[in-house]
Every structure is written in C-alpha cells, then in structure tokens.
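From first to last, the protein sequence lines are chains Z and H.
In terms of the working numbering, the first sequence is residues 2 to 85.
In terms of the working numbering, the second sequence is residues 9 to 221.
In case anyone wonders, no lab produced these hints; they're calculated from the structure.
One thing to keep in mind: the hints can contain errors.
Examples of chain H residues lying across from chain Z (beta carbon under 8 Å, computed) [as the list claims (entries may be wrong)]:
# : residue
1 : Gln19
2 : Ile94
3 : Leu145
4 : Glu149
5 : Leu215
Ideal Cβ positions, reconstructed from N, Cα and C, are used throughout, including at glycine.
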Amino acid sequence: MARIQTETLKELLRRVLRTRPDEIGCETCYEKLDQFVEMELKGKDAAEALPLLKRHMELCSGCSEEYAALLTALSQIESDQSLT
Amino acid sequence: MKANVALGTNQEWLQALRPVPSAEALEELRAILLRGLRAALADRVDGDVDALSEDFAQEALLRILNSLDTFRGESRFTTWAQKIAIHIALSELRRRRWKDIPLQTFTENADGEELTPAVLTDPQPQPDRIAAQKELLRTVELLVFEELTDRQRTAMLAILQDGIPLQEVAERMDTNPNALYKLLHDARQRLKRRLEETTGLSAQELLATFEGQ
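Bound-form chain H, shown alone (with noise of 0.2 Å):
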C-alpha cells in the first residue's frame, strides 16, 4: 500500500518517522529523493545516474533519519531533506573528481612583466589607466606574498587560479568548509585594509580605477 504522505505536513512526515520509522513513509521518501537525485545528477554524471542516485538516496535516508531533531520547520520537509541527499551526492562527486589533483605552492613572479592587465578590447585604450590597473594587480600580487599566511594564499590560489572547491581545499587541509571561509574571509579583509592603506584610496575608488567604471 503506498502511503499518501508525499504532500503531508511537515508534522505529518515527522510523526511517521519518529521514533520508529514506517516503511511506507520511508519508502515515499526515498522515491521523492531519488527523483530529485536523478534530475539533479543527469547533467552532472557520466556514469550510471539511477544507480549513484539509488545510493546517495540510501545514504541520505539514513542521515535524516539521524538528523531529524536538527529539521526546524523552516521549509518543507521534503525540500530539506532533499537538501541533505543532494550535499551527500555532490560532496562525494567533488571528491571523486578532484582526489587526484594537489594543492599548488606559488610563487612571486619577480619582474611582474607578465602582468597583461590591458583592456585589449577597448576601442579607445586610455594608457593612463591601463598603467594603473597594471599598477594595482602588482601591489596586490605583492602583498599576497607579504601579508598572507601560506596557508591563506595556497587555499585561495588553490580556489581561484585552479577552481577546486572551497570543500575540497578544505580536506585537502585537514580543516573544515566554514573554518577555511573564515580564514580566506580574514585574507580578503587583510588585503583589502592593506592595498586601501598602500594607495590612498578606499575600496570602491580602487573598484571604479580596476573595472574602469
């Protein structure tokens, strides 16, 4: 018999999961899961899409099952437990994809000659701002090397020049998603006091100097 839940209250879903799950409403919801995991994953996977989705959907059952204390009725419990499928399933594809590839050390390029920061597609290049904006990216680059820690200008290199993700850097550091955002959130802010600092100017003249606005 299938359980008409799937459009239930969250209360609803709640009551036929705890403390003993119904297998109907279990079963419902790892039908809903699955879809979701499917079209979500289509574009996203080569492989066989049906069976990685039936297996992020397993994993995701059991971890709501364990988190349902955590479920605070601010959406719908079907959108957030979706939610947790979806993290399981593109967590573990970030994985797959990136294990193979090392975090890069970097270094200062001494010269900064092959700094081309020209706006070739300018119809009317204005030599004085290109000099600037030349200018500019070389302070930053110099206080990159200056002002972060290695650990600060490898994640943020590692994120930006080779677009891991901030989650993969993050294992890759031994560290955490949220903790690794707080360290290049302090970089950033570091940077940002300091070239204000260096220049003169406060962030947004820099911004229009840069962007030519």
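The shape of chain Z in the complex, shown without the other chains (with noise of 0.2 Å):
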C-alpha cells in the first residue's frame, strides 16, 4: 500500500482546480494533432487555435509525448527538404 506524497497532492489539486467542463480527451487530440503541429510550423499560433488540445496536452504526458516526437519528426524532414 503506498502513500499519497505531498508533491502529488499539490499537483493533484492545482489539476483539480483548472478542471474545466470541456476539455477533450485522447481520441480527438490525436485527430486534430497533425492539424496542430503544421499549424505550429508554419509560425501560427496553434495553442490559440485549437486551445482546447494544448490544454489536452498539459494533463497527458503520452499526448504531449507524441506531440514533441511528431514536432521533431516534420521538422528534420522539412529540413531535409530545404537542403534538397
């Protein structure tokens, strides 16, 4: 049996306080995820866009993960493409 730790606590309660009614789960974050991160490389402001996704994003680290490694991935490509 483990014990809450104190750092879980406040984070647990800083989530729960900025709980908001429409926030979106994972199956539509990976939808709109593509739309997000080719927002984001071409210099538009994709959090405002699509405010609901970051959001996402900040409470699921394999969401966010995912995003990171898709933002990583176009941007070597879009790189190898600019040298061709």
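Bring the two chains, given one by one in their own frames, into a single complex with the hints.
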C-alpha cells in the first residue's frame, strides 16, 4: 500500500482546481494533432486556434510526448527538403 | 526510378496509394516515415534506432494503407502519415518501458503529519497561508479517498505519483485512453465541486490561496 506524497497532492490540487467542463480526450487530441503541429511549423499560434488540444496535452504526458516527437520528425523532414 | 511525389498534393498521394498502391509511392512514403522516425526516436531509445525505425515504418505503412479512408485532408498527407508512425512507435516504446511496473493501491495518511506544504523558499513565510495550504491539501486527500472510486483513485495516482502515462494505465485497466481520460475528468470535476462545497470558496479563490497569488 502506497502513501500519497505531498508533491502528488499539490499537483492533483492544481489540476482539480483548473478542471474545465469542456476538456477533450485523447482520441480528439490525436485526430487534430497533425493540424496542430502543422500550424506550429507554419509559425501560426496553434494553441490559440486549438486551445482545448493544448490544454489536453498539459494534462496528458502520452499525448504531449507524441506531439513533441511528431514536431521533431516533421522538422527533420522539412530541413531535409530545404537542403535538396 | 524514384517517384516524385514527396511534395505532391494530398490528392496525388491518395491516387498513388489506392486502390492498389504503386511501389514507387510506397517506397517514397516509407523513406519519409523513416527519416521522421529516426529523428524522433534518436533521443528516446538506447538501442538500434535504425532497426527500430525500420520496424515501426513497416507497421505504419500497413496501418496507413488500411486507414486511407479516414484521412480527412485537414493536414498534408505526409503529416497525417507521420502522425500514425509516431503513434505506433511511441505506443510500443511506452509498453516496453512500463510493462513491469505494477499499479499501486493507495492508502490514506491517517494523521496527515507527512504533509509539508510550507513554502520553504518564501523569504517571508506567512504562517496563515501555510496553515491554509496545509489544510487544503489535507482536505483534498480526504476527498480523494471519500469521493473517488477505487478505479479513479488508482489511475489518477498512478499517473501523478508514479508517472505512468495514461495510455499505459488504460491498458492495465482494460480500457482505452479516451475512456480513462473521461473517468479522470469526471473525478477531477467531482473533487473540484466537493472542494468548493467544503470550503465555501470558488476554485479560483482556492487556487489563489494555494499558489499564493
């Protein structure tokens, strides 16, 4: 049986107090992720255009990591293309 | 002969891949996925990045071909395809990394003595605020045990305390990430409402107390 650590409780409290009724799940996040990353690569404010997606990624480490990895992958491909 | 479709339109990609995919288009797509995967995985795996990327690219190609009808054209085709490849790769890496870590059962701190929310870095500690923060954390802890189901509590704490990704927790609990996110969202909403009722303060006021704003 584990005890809840103080740091865990603090983070839990922050998340609870910032909870909104209109959050999106992983599925919707995934559906829109390509659009989001493409906007970022074009220098547009993706977080402003898709705020719920941004919010989801702040709460979901898995989706957030996929976002970061996709951004890395596409940046690499763009940079390869600009060299050819 | 190398197909010149890498920078083609979405329509050109779709035409090249269905109903029967052309070998050139497949090879071009595989090469793009590989480049992206290698870059994305370079800092994420210790082993043979090239071999892993090859495997993931192959699996992604199959899934992409089977999912062409779901492509809605909201991004470039290659961006959408790369998203699928990344999802496959990271899902598998997550599984490997966390497969031996069990989900824990949590128990309440009976006396709350272990709660130490004091703002140690605060040059001028405010005893009242520290006491209020401590009280708030104690209340949250009680509500976590009183208001949440075992499933909600286990999942929430596995993610927050043990750092297990939601997707991995979902698999252990025989559900899918979307359903688990909904379960956790319901849990947070319930805790928020109960906190507001218990303290008589709004979430915004509580946040200000807690963050010291």
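Each hint tested on the structure:
1. Violation of the interface hint for H:Gln19 is found here, the shortest Cβ-Cβ separation to chain Z being roughly 17 Å, above the 8 Å cut-off.
2. Hint on H:Ile94 holds. Least Cβ distance to chain Z is approximately 5 Å, under the 8 Å limit.
3. Contact between H:Leu145 and chain Z, as hinted, is supported at the beta carbon level, the nearest pair being about 5 Å apart and thus within 8 Å.
4. For H:Glu149, the shortest C-beta to C-beta distance to chain Z is roughly 6 Å, which falls under 8 Å, so the interface hint holds.
5. With its C-beta approaching chain Z no nearer than about 4 Å, H:Leu215 sits inside the 8 Å limit, and its interface hint holds.
In this structure, only the earlier hint numbered 1 is contradicted, and the remaining ones agree with it.
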